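Q: Residues per chain, in single letters:
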Amino acid sequence: MKLKRYLTLTRAGIIESLQFRLSAFIMVLGNLLYLIVVYFLWRSIYDSAGTDAVGGMTFTDTLIYLVLATALFGFMEMYAVWEIGRSIQSGQIVLDLLKPIPYRRYLFWSYSGSFVTQFCFTFLPTFLVVALVTHGAIHFGLNLLFFVVSVVLAVSINYSIDFLVGTICLYTESIWGINIMKQVIVLLLSGATIPLAFFPAALRQVVNCLPFASIYNAPLTLLLEPRPEPRMVLETLGMQLLWAVVMNILSKGFWRISLRQITVNGG
Amino acid sequence: MEHRSLRFYLRIYGRILAQDLKSKMSYRADFIISTIGMLFTNIAGFISFWILFGSFPSIGGWRYEEILFLYGFSLVSLTPVQCLFDNNWNLRSSVYSGDFIKYCFRPINLFFYYQSEVFDIKGLGQLAFGIGTLCYAWGKLGIAVTVLSVLRTIIFLCTASLIMVALQNAAAATCFWIQNSFYVLDFVTRFKDYARYPVTIFSPVFRFLFTFVMPIAFIAYYPSLVILRPDEVPLLSWLSPLFGIVFFYLSYRFWMFGAMRYSGTGS
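Same order as they appear, the protein sequences are chains S and P.
Under the numbering used here, read the first sequence as residues 1 to 267, first letter to last.
Under the numbering used here, read the second sequence as residues 1 to 267, first letter to last.
FYI, nobody ran anything at the bench for these hints, they're computed from the structure.
On a predicted model such as this, the values are computed, not experimentally measured, just so you know.
Hints should not be assumed to be uniformly reliable.
Claimed, not checked - Below, simulated DSS-like cross-link-like pairs (lysine-lysine); rule was C-alpha separation at most 25 Å, straight line:
(1) P:K24 <-> P:K140
(2) P:K24 <-> S:K182
(3) P:K192 <-> S:K182
(4) S:K99 <-> S:K2
Chain P on its own, in the form it takes in the complex (with noise of 0.2 Å):
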């Protein structure tokens, strides 16, 4: 496969989102009722924090605004595997049925061909809804708005993404060994629920776990860190954006391992 210039890139994605983006308007309902669905489940998590601080002062030493911050920021971060690869979610069913294939054959790359396809629209009410609750924790909680915090926080919100994004491919590209994948992909999804809590709420030994096996203490602990305690930071927290780009790369070469792999089902 001949490498071409980010920029044929960007126009193609351009092209194949504007194709997207015009067959989900002609369902136009379904697209109001999703995103509508979308913000429900946010301003769920939302309001059972409320609920929950109402009777508790604190979750293990954090209080309120920060467990906020905490939710807005992983919010923000998991909108780009939201919206750029929903299709991910489509990956089993397309190895099934032999549609797969079609991909193959096109002069693109692969992996960037697969996932342009899908344009995840409701994602962006979430982006809105976090990026409102983000907004909302850092002036309760009276952080500093400087160039550096705020270079700083969407450097690190990347790294979260990133890595969110990784373990998502990872998991759709089981399918290429295992039959019925949604349950690895289910099972990884929920880990955006666990994230928003603090890792060091756990003991040693799942901190270890959620740091190292399960990478899940990066989609919003670690980078949060460096915006809420400045203070004492670990080394952990500066170096996970070479985590991110490692684990993003590493579950590229696992899904296009897979996909090279793949043989059709000969119809």
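Only chain S is shown next, with the shape it has when bound in the complex (with noise of 0.2 Å):
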């Protein structure tokens, strides 16, 4: 009964999002083009290095990687930062608090309908033509379902990050600034960009330590890895667990904190 009232909010979601079909063609143009970049960047980049493979990641893992990157970023990215910002502004915020679902569960569902649709028009293409272009580069095996896994856990922690960032909004009334600067920070250091197998030692370290590469990295790493170790696994696994346990409670935390902060003008 309960599951039902958020599936309706995915439907309303699915509905919406394939209205917009020109835009839908634009984006997956644009990602095209993103591709092609990629792919003859790494080209001409791992040509010019003159070994085969550089930090444990040959051509092909890195272009399966960064191209799956992206197109997890594609229905990953949930625009967040800019729902609860602008509705602060506008004031509809209110009418969003009264409902009788938490507003944090309520933008999250509202939004899932758009998972549903980016997964089966984006993803799930991208991911058949690497499949295929790489020639059987990626393991079909167990380390699909770890996969599957830790991108569920991935999907939690960064909505827990873009909650927490949009809660932000309550106070600086800047949405732009805030929504740039995020996108920067978890991109770069979870792996999104560059690999961080690439990333100096010293630097990979610090980044071990934060949640971001739980969101990229992790589900990237457990992929391509056609016989993972029981360890490693459990270890990513846990790692991302933990991360989303911690996140969603700060999130949680910080977001009650302000409501009591919160003023809206009109609305």
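Using the hints, put the two standalone chains together into the complex.
A: This is the structure in structure tokens:
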């Protein structure tokens, strides 16, 4: 009964996102262009390196890693900071807070429809194309299962971070600046721009202590490992689970404290 | 529409600019956060090159300093589009809501009036960072500082700016025909991220595409060749100022053509 309530929001989201077909087409075109740039960029980088593997990653590994990172970004990015920021500025947030669903959950589920469409129309095709083009560089086995579990945890961590940063908008009334800072930090430190394997050792140690590596690096590393050791899998997933719980508590707590501060102009 | 002198337009621009800055200054926190956010994206680009060149010697035969030169060059040349033409991002919503009609009733050039309304100060942070990067790379590469080389740099920076401005104008103007032009604008804006790589890394087909169909290569690559590799400057580099002016003029005509078609929303 309770789930049905949320699934209604999912359904509405699916229908809404199917409305904008032209924009979806342009987005696919944009991603395609990006993939082309990434391919040639790393091809020439590896060509000038002269060796097959750098930092334990071959050209194919790097390509799969970066392409899937982009695809993951496509469906994990929820623009929650924008949603929260806008509804604070317009006063809409008052209506959302009055709904019989906690705001944090409402926002998540009303976006979940786009999850479904993005997953089916962006991620899945990209994944299949990559798997075909690289001639079985992606191993089809247990690692797929670990990947799925890992992605679910990553979505949760990413949403908590988004929500946490969005809550800051209650204080600053700046959306663009806050959002761009978050995006830059997450994309760089999670390995979505450059795989963490290429980071200098000292920097990698720092990054491993932060939650961002659990968003992109963890699922992609699990996917690219054809014969994962149980210890490594447990460590990665455990770390993710830990961060998911920690970030969840942090973002919920911060929201609760901030709500007392809220001032709404009009609405 | 009667033609007025350049001095008249400069005076008007000063007046409008002053008003815009006053209204921006009433949101001081937003201004500061946005400027920092902008710097974050620039620094992140810098860091990713630094990480990359820690593991790899070159990108298709281009050294670290040369790539930094391209990066700095693209940042500086992107400043005008960021600072002076930022109102293009609002065009879609003002056309949609009907507010655009107010610009049509002013006795000055429509395009000028619309663009002059917003001056995006946070672009100045990017300008400073870009000049810093450019000077650093210039010094490291040991390029002689002569009147001619500085003059060339300035002329070719203007060229690159004109091309990016032209691309953005054209992208924004699509909203006179299609509803959601955000994705077109976003698509074109992502070009600037690809402008920082030398076009030689691409295969001939894409080199052609990025030169003549989507002129990304003119934003940094062809203009910088004049400074970076003065012995092997292709004809295209020398022609790029001409291309810049032609592209800009065409985009202006396209923008005005769309605006003249605009019939308001009836409100």
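Q: Hint by hint, note whether the structure agrees.
A: Against the structure, the hints come out as follows:
For a cut-off of 25 Å, the pair hint linking K24 of chain P to K140 of chain P is broken: about 38 Å separates their Cα positions. Only pairs whose Cα atoms come within 25 Å are accepted, and K24 of chain P paired with K182 of chain S is accepted, the gap being roughly 23 Å. Among the hinted pairs, K192 of chain P with K182 of chain S is consistent with the structure: their alpha-carbon atoms are about 20 Å apart, no more than 25 Å. The hinted pair formed by K99 of chain S and K2 of chain S meets the criterion: a straight-line CA distance of about 15 Å does not exceed 25 Å.
Comparing the model with each earlier hint shows a violation of hint 1 alone; every other hint is respected.
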